[in-house]
Amino acid sequence: MSSIYEPQAWAILFLPLASFVIIALLIRPFLNQRYSRLSGYVTIAAVGAAFILSLLVLKSTLGHEEPIGWVSHPWLTIGDLEIRVGILLDPLTAIMLVVVTGVSLLVQVYSQGYMKGDPGYSRYFAFMSLFTASMLGVVLSSSILQLYVFWEMVGLCSYLLIGFWYHRPAAAAAAKKAFIVTRIGDVGFLLAILYLFLHRDTFLAQGLNPFDITDIWAAALVLPAFAVTWLSLGIFAGAVGKSGQFPLHTWLPDAMEGPTPVSALIHAATMVAAGVFLVARFFPLFQESETAMHTVALIGGFTAVFAATMGLVMYDIKRVMAYSTVSQLGYMMLALGVGAPAVAMFHLFNHAFFKALLFLGAGSVNHATGTFDMRYMGGLRRHMPITYVTMAIGSLSLAGIFPLSGFWSKDEILLEAWRGGGLVNQLVFWMALAGVFLTAFYVSRMMFMTFHGTFRGGAEAEGHGQGAEHPVHLAESPWVMVLPLVVLGVLALGSGYVANPLGDLAGIPAHWFVEFLGGHAEPASLSLAAVSTLVALLGVGLAVLMYQTRTLSPDAVGRALRPARELLSHRYYLDSLYEGVLVGRLFYRGVARFLDWVDREVVDRTGDGVGWLGRNLGRGLAPIQTGQLQAYGVVISLGILAIIGAYLVFGR
Amino acid sequence: MTARDLYLLSPEIALAGVAILVVILDLLVRSKRVVGAVAFLGLAVPIALTVVLWTSIDSETAVFGTLAVDKFALFFKILVLAIVGVLILGSADYVARFQRYQGEFYALVLFSATGMMLLAATTELISIYISLELTALPLAALAAFLRDERSTEAGIKFLLLSAMSSALLLYGMVLVYGFTGSTQLQEIAGAVAQGDMPFGSYALLAGVTLMVVGFGFKIAMVPFQMWVPDVYEGAPTPITTYLSVASKAAGFAVLLRIFYFALPAVSGDWGTLFAVLSALSMTVGNLVAIAQNNIKRMLAYSTIAHAGYILVGVAAFAARSPGPDGVALGPSGVLFYLAAYAATNLAAFFAIMAIASRTGSEQIDDFAGIARRAPWVAAVLAFAMLSLIGIPPTAGFMGKLYLFNAAVRGDLVWLAVVGVISSVVSAYYYLRVVRVLYLGAAPSEEAIPSSWPVRLALALTGGSILAIGLLPGRLLELGEAAVRIFSLTPQ
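Chains as they are written, first to last, in my numbering: chain A, 1 to 652; chain B, 653 to 1143.
It is worth saying that the hints were derived from the structure and are not from the lab.
Every residue gets a Cβ at the ideal spot worked out from N, C-alpha and C, and that includes glycine.
Where hints are given, some of them may not hold.
Residues of chain A placed beyond 12 Å of chain B at every Cβ, according to the derived structure [claimed, not checked]:
1) 4
2) 49
3) 179
4) 184
5) 187
6) 490
7) 629
8) 633
9) 639
10) 646
Partial selection, computed: residues in chain B whose CB lies under 8 Å from chain A [what the hints assert, rightly or not]:
11) 822
12) 862
13) 882
14) 943
15) 974
16) 1124
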């Protein structure tokens, strides 16, 4: 067992942060003309070093029951409340560190190819460094307040990166949407923190700090039940926003407007994982409230199915993936809700790799065809063999086909739900099983439309979009893009084995991952595995019939199920509901109009009034402020008389 | 005068020595840069001595009990020395343009600083008066230093009004002495007791009020602030800066010491007075500042408003942190705020000096588009404005947080509300500067250069604003250690 020192842990956070500062303050202002490539190298070096340190952390936490906590540092004191900052290292942190830095590293390498020649090259890497640093900050924080600061920084960076091509109206709008929609959830999180602040006396009486995460765990046992429920639900609201859970999922598909590596980073390793991580981080709190647990399970289960259905009909390859992400995050939430945080983290771990792989693969496809619309792809299998094979691995893994990584974690989630007992767990089990079928179908559909059949023209056939920027050139992408695909492909093949549900294998004991995270592993159930595989194969089979052999015409099916299809293509009309009714009618015409009136009539008038008062008071005092010394002396004397007079009149 | 006294007073002696050395060097050396460098580097000696005293001394008195060497005094000594050091750096370009008397300029600043250091340490009325005069006389000369019409006017006004306020102060001291029979603050505290009327007697009421006038003048408190705009506008900018931070800090030091040390028994009486004057200063300062077009004049009114904010901490006598020897939150907030305000105002004035030296104008409208001509200077100025408003993550925000927190805990919620509202109002004129800097159309695109001492001073002060805003803990601890002397006195 090796140990880690506190400066090393801080370095994980500060290395990418330093990379941001160096790029933003040195490279971009001074060296941007000729040496912008430096930005990429600095980022890779920083994230790479952080990755190595993360592995060290992982090694140090092995065999540690208790979290490695150093005494946190006082940051500031408000009254009797001391706010402290520090680092909390436990297996959960260690796993997240490895995932975040690992995926980020691969994405940065890949970005060198993808962003080559972009005028915002340095800006891109500056934001990516900051984004990675923020996410690492979320993971490492020992205090909820510190976590919240980084949490908001993650939100800010996602805004900057989704809107990276801010000259495109769609990108600017998507960035705003992501920022605002996640903010709705963050209000809940903030309320939870304020609740902690207001009830600090309860904590202080127990010798606990209301903002310290480990103290919040401890307090879960002494706080009244309703307090635990409200705190959990508030925190969960934040997680719903960041992890794109129903009903705050609408921002995530739109977030595809950012550069594709950003999508890979946001949707695989970082931002969306932050929500799941947050719930896992406060799991001891959630555990004490049945209401909170059921809410998490049901929202997760519902989102898993709900998002998958929308993935069925999308034509934009990145949107398919986006709904898939929402759906998979639903699975993780579901696992948390049925009381298996370790299993949820296991799925997060696997998902990070295969989803990053799929996104980077989509980027690679886009690099060749210039479009994201699958109707203009097809037949790419012959031109891009490596992209094809790696994406096939990712897809099968996502579909949960034995023996790829997705199979193991999805199976454990089903198992936990099945064994959980009770009405809610039963319900979410069937939801999850339905999700398996849908997932297998949409991901197979995506693969067939993109890689099989004949090529349908790419951006040139599409006739608009980025055709001019990215001409069609059907060839494999450069090695900086392919290499991360291969690495991720290997991981997607193998990452499931760290869980190792079957037996001791190659140095990894059975159920290693889950027990490392302090979970209790259920013995594997062969029959359940068989059922879920069968369901997944059914999904794949249906896709084969529709998109490969064309036995079933997709158009005919579409016509037959027209109402359902319409509903799905319009994303259940939720975007219209939010934007048209809630924002348009209620907000613009109601609240905003009222606030506008308040702003103009009350606030502005007050402001004008103060300005008027200021100017006229100046004018009024001008006769006194003559510059005449005698006048000044008189005012001083009058001041004395006024003070003494006031004392004599009012007493004290 | 014993050897021990010499040790205890070594920072002041060393500082006066540096001042004399500067005068002598000025006669001997042709290069005036050397004089400035000696003035700056010489500060290392008093600073080192002060730090040694801070670490080795808890609380002692020197020179027949007239001067206290405690952490409270030492806090202010370090603050004043730091201000003077950065000031010499930041005004290097400005002073270099003087045709003559550069040596005298530095020497007068150092002599005045000696007075301020003594002022923070005095525990006896007559020494207070002498230290005050030692502080004020060089300042009057410095205000008139440019010898043009406005500067001379500023010097004369400062001298005469300062003399008037000193006279009133002295009269107040006489009354207090006559009634309590002592000039020692400790003994005055024993003689003052709460009675049927404010301060127990007419004599004491009049005496204390007159003393309030004397210090109110120094700290630029309404209604004794009339001199401030004229003197600030007319005096050389480094001296304006010096008046607004160091002189004000020393004034608050002695104010705190007198009222918290000598008059705790009647705190209810003067607490209300300071609360009312605080509210008045904030309101008048911020409202009149809105109408100003000259940036130095605007900052003059701003400094009146900030005197109001700091007075919140003086008024919050009852605010104590929980525990048997709870920290007096008001004074510790005052100390914190003075340091934060010093960093902020120094940064603002250095930036103004750097810009105005090239554009030749101190009108706010003439700062248009400076952000493109001097991005770093403009950034520091804008950041200082944000700190003056009190927006996180700046020092000004933390300072206001602590002061208003003290007000709330000292049962002065209304005062905190007034403070917050006037802070909002103040954004009106501070942000105007930021807007002009960044959005105004520059009449020329020519870059504005600045020398490295000025850049260093800007970096130091700007960095301090951020550092105090982000990591206030250390400074607050120092402030709390300094005001511990107020918890030890039996209530």
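| task | Please write out, lowest number first, the hints stated earlier that are contradicted by the structure. | result | The structure breaks hints 7, 8, 9, 10, 11; every other hint is satisfied.
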